[in-house]
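Participant: Given these sequences and hints, build the entire structure.
These protein sequence lines map, in sequence, to chains D and R.
Residue numbers 1 to 114, in the working numbering, belong to the letters of the first sequence in order.
Residue numbers 1001 to 1114, in the working numbering, belong to the letters of the second sequence in order.
Worth flagging that the hints you see were computed from the coordinates, not collected in a lab.
Every value quoted in this text rests on a predicted model; they were computed, and no experiment measured them.
Possibly wrong hints are sitting among the right ones.
[What the hints assert, rightly or not] One side only, chain D facing chain R, incomplete, derived with CB under 8 Å:
hint, residue
1, 33
2, 102
3, 106
4, 107
[Said to hold, decoys possible] Some, not all, of what chain D presents toward chain R, calculated at C-beta under 10 Å:
hint, residue
5, 4
6, 9
7, 31
8, 35
9, 37
10, 40
11, 41
12, 42
13, 43
14, 44
15, 88
16, 92
17, 101
Built from N, CA and C at the ideal position, the CB exists for glycine as well.
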Amino acid sequence: GEDVEQSLFLSVREGDSSVINCTYTDSSSTYLYWYKQEPGAGLQLLTYIFSNMDMKQDQRLTVLLNKKDKHLSLRIADTQTGDSAIYFCAESMRGYSSASKIIFGSGTRLSIRP
Amino acid sequence: DVKVTQSSRYLVKRTGEKVFLECVQDMDHENMFWYRQDPGLGLRLIYFSYDVKMKEKGDIPEGYSVSREKKERFSLILESASTNQTSMYLCASSDGAGGNQPQHFGDGTRLSIL
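Facilitator: And the structure:
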């Protein structure tokens, strides 16, 4: 069935790199997304990658996609206290009319140690 | 930038009341979505709409209805609120062109049913 899995917690030291991992099940997914949710707020789209790409870099963010293993990762370089949040991995699936259905993981809570 | 606005950040209602949650987007997006977010359960899709006056059930539509009379506005209705509908409600919109476009979220409405 449809499933997106990610670990619940990650703790890193300020200034180190954070790597958040995600696995998904639907091989027909065309887009994979990373969203960030700060306390009390909605989800903010951080970045997304087409399924025909292996990597995408955007400033401190690097997304790696391994289609064979259905594995997606988000690397945050030089992690700062402002990066503390919950990070959601998500995959898109066609099926509902012209609207894409997005399946979200349960989120990884990233905490930063001084 | 895409702007998705939810009318209330916090709302407190009583059991049995009819509750309206409003969402407006300013990007002329075809698709709009309502989710609820609960600890340990992630985001669950309640209803979505891919056009004015069109609606489709998501994964957990029971106890809810929706209205899309204008393209920019998507309302979630709790016909007779119950305590198990206490949750964080998130609205999102996406461009319908080609499908699989990323969803953009509002800041959420934290609803408490007493």
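Participant: Confirm or reject each hint.
Facilitator: Going down the list of hints, with the structure as the test:
With a least beta-carbon distance of about 6 Å to chain R, the hint placing residue 33(D) at the interface is held under the 8 Å criterion. About 6 Å separates the beta-carbon of residue 102(D) from the nearest beta-carbon of chain R, less than 8 Å, and the hint is met. Annotation: interface hint on residue 106(D) holds; nearest CB of chain R at approximately 4 Å, less than 8 Å. For residue 107(D), the shortest C-beta to C-beta distance to chain R is roughly 6 Å, which falls under 8 Å, so the interface hint holds.
At its closest, the beta carbon of residue 4(D) sits 9 Å from a beta carbon of chain R; the interface hint therefore holds under the 10 Å criterion. The closest approach between the C-beta of residue 9(D) and any C-beta of chain R is roughly 13 Å, which is over the 10 Å cut-off, so the hint fails. For residue 31(D), the suggested interface contact is upheld, since its CB lies about 5 Å from the closest CB of chain R, less than 10 Å. Of the supplied interface hints, the one on residue 35(D) holds, with its beta-carbon coming within about 8 Å of a beta-carbon of chain R, less than 10 Å.
Look at residue 37(D): its Cβ gets to within about 9 Å of chain R, closer than 10 Å, so that hint holds up. Below 10 Å, beta-carbon pairs count as interface contacts, and residue 40(D) has one with chain R at about 8 Å; its hint therefore holds. Contact between residue 41(D) and chain R, as hinted, is supported at the beta carbon level, the nearest pair being about 5 Å apart and thus within 10 Å. Interface hint at residue 42(D): satisfied, since its Cβ lies 4 Å from the closest Cβ of chain R, which is below the 10 Å cut-off.
Evaluation of the residue 43(D) hint against chain R yields a held restraint, the C-beta minimum of about 4 Å falling below 10 Å. The interface hint given for residue 44(D) holds, since its Cβ lies 7 Å from the closest Cβ of chain R, which is under the 10 Å cut-off. Given the 10 Å rule on beta carbons, the hint for residue 88(D) holds: about 7 Å separates it from the nearest Cβ of chain R. Hint on residue 92(D) holds. Least Cβ distance to chain R is approximately 5 Å, under the 10 Å limit.
With a cut of 10 Å, the hint placing residue 101(D) at the interface with chain R holds, because the nearest CB-to-CB distance is about 7 Å.
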